[in-house]
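Enquirer: Each protein sequence line maps, in turn, to chains A and B. Just so we're aligned, residue 311 is where the first sequence starts under our numbering, counting upward by one. Just so we're aligned, residue 311 is where the second sequence starts under our numbering, counting upward by one.
Heads up, some of the hints might be wrong.
[What the hints assert, rightly or not] Straight line, CA to CA, 27 Å or less: simulated BS3-like cross-link-like pairs of lysine-lysine:
1. Lys384/A - Lys384/B
2. Lys376/A - Lys384/B
3. Lys376/B - Lys384/A
No wet-lab data here; the hints were simulated from the structure. Since we're looking at a predicted model, the values are computed, not measured.
The chain contents come next:
Number of protein chains: 2
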Amino acid sequence: MALRWYTTVIDCQDPRSLGAWWAEALQWTNVHDAEDEYVIIPSWVTPEDIRTTPWGRQGPGLVFVKVPGPKITKNRLHLDFAPHTSQDRTAEIARLKALGAHRVDVGQDADVSWTVLADPEGNEFCVLSSREM
Amino acid sequence: MALRWYTTVIDCQDPRSLGAWWAEALQWTNVHDAEDEYVIIPSWVTPEDIRTTPWGRQGPGLVFVKVPGPKITKNRLHLDFAPHTSQDRTAEIARLKALGAHRVDVGQDADVSWTVLADPEGNEFCVLSSREM
Chain A
311 MALRWYTTVI DCQDPRSLGA WWAEALQWTN VHDAEDEYVI IPSWVTPEDI
361 RTTPWGRQGP GLVFVKVPGP KITKNRLHLD FAPHTSQDRT AEIARLKALG
411 AHRVDVGQDA DVSWTVLADP EGNEFCVLSS REM
Chain B
311 MALRWYTTVI DCQDPRSLGA WWAEALQWTN VHDAEDEYVI IPSWVTPEDI
361 RTTPWGRQGP GLVFVKVPGP KITKNRLHLD FAPHTSQDRT AEIARLKALG
411 AHRVDVGQDA DVSWTVLADP EGNEFCVLSS REM
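Pulled out of the complex, with its shape left as it was, chain A reads as follows (with noise of 0.2 Å):
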């Protein structure tokens, strides 16, 4: 393929804190630190996967930069997170929140098997159900 996924970037206000978040939240690893931008990737993933592997060159990680305004109104783009048993599932709801992460209505039915929580600047993410694999 000529193009390749290479990242996801959050606008943010504070992309040192909120990308820190993150790193935190996900248990990955800080790759760039500066003031207007700050990278995380996943803590499995090697400069040498980067290189030469389809999976490390489709841009695994999540990049945090900085914009002049606040979100206003509920992201277009979001992302899933998914937990390997009903356990973990608890237990990262309980650790997300002890984080700072806070539960959001978005409309969602109150049946539904997935938990919607927002990060520090408010960012939707979801919790699925568990799933093995």
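Dock chain B against the given chain A, drawing on the hints supplied.
Expert: Using the frame of chain A, we list chain B on its own:
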């Protein structure tokens, strides 16, 4: 890790139309096609990869879901794509525009190395400078 990045979700007015557009743009494969949800994954990912590898388990796909309202402001999250060579870059931008992408001004400087485009529903994305790896 107890949580893994399962997928990236894009709210849209017409999941099937927009999802098919992105499948063509990225030369990815459609793996779920319903009125309210359309899923694409990289064509090089196999079901075996998804079951057995950390990078397959890190949701490599895009999920398009139907929402009531249109996009109303610049997206807070966006995807960046990289071509392999500068020739690829020119060709890919021309191909994306021929498919229906259009250039957008999000306040970027005139001399930045990336090109900001939007998909048919206005979702911004960038084509970065070329990079071999």
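Enquirer: Take a quick look at whether Lys384/A and Lys384/B sit within 27 Å of each other, Cα to Cα.
Expert: holds, 11 Å
Enquirer: Would you mind confirming whether the straight-line C-alpha gap from Lys376/B to Lys384/A stays at or under 27 Å?
Expert: Roughly 14 Å separates the two Cα atoms, so the pair holds.
Enquirer: With the threshold set at 27 Å, check whether the alpha-carbon distance from Lys376/A to Lys384/B stays at or below it.
Expert: Within the cut-off at roughly 14 Å; holds.
Of the numbered hints stated above, none is contradicted by the structure.
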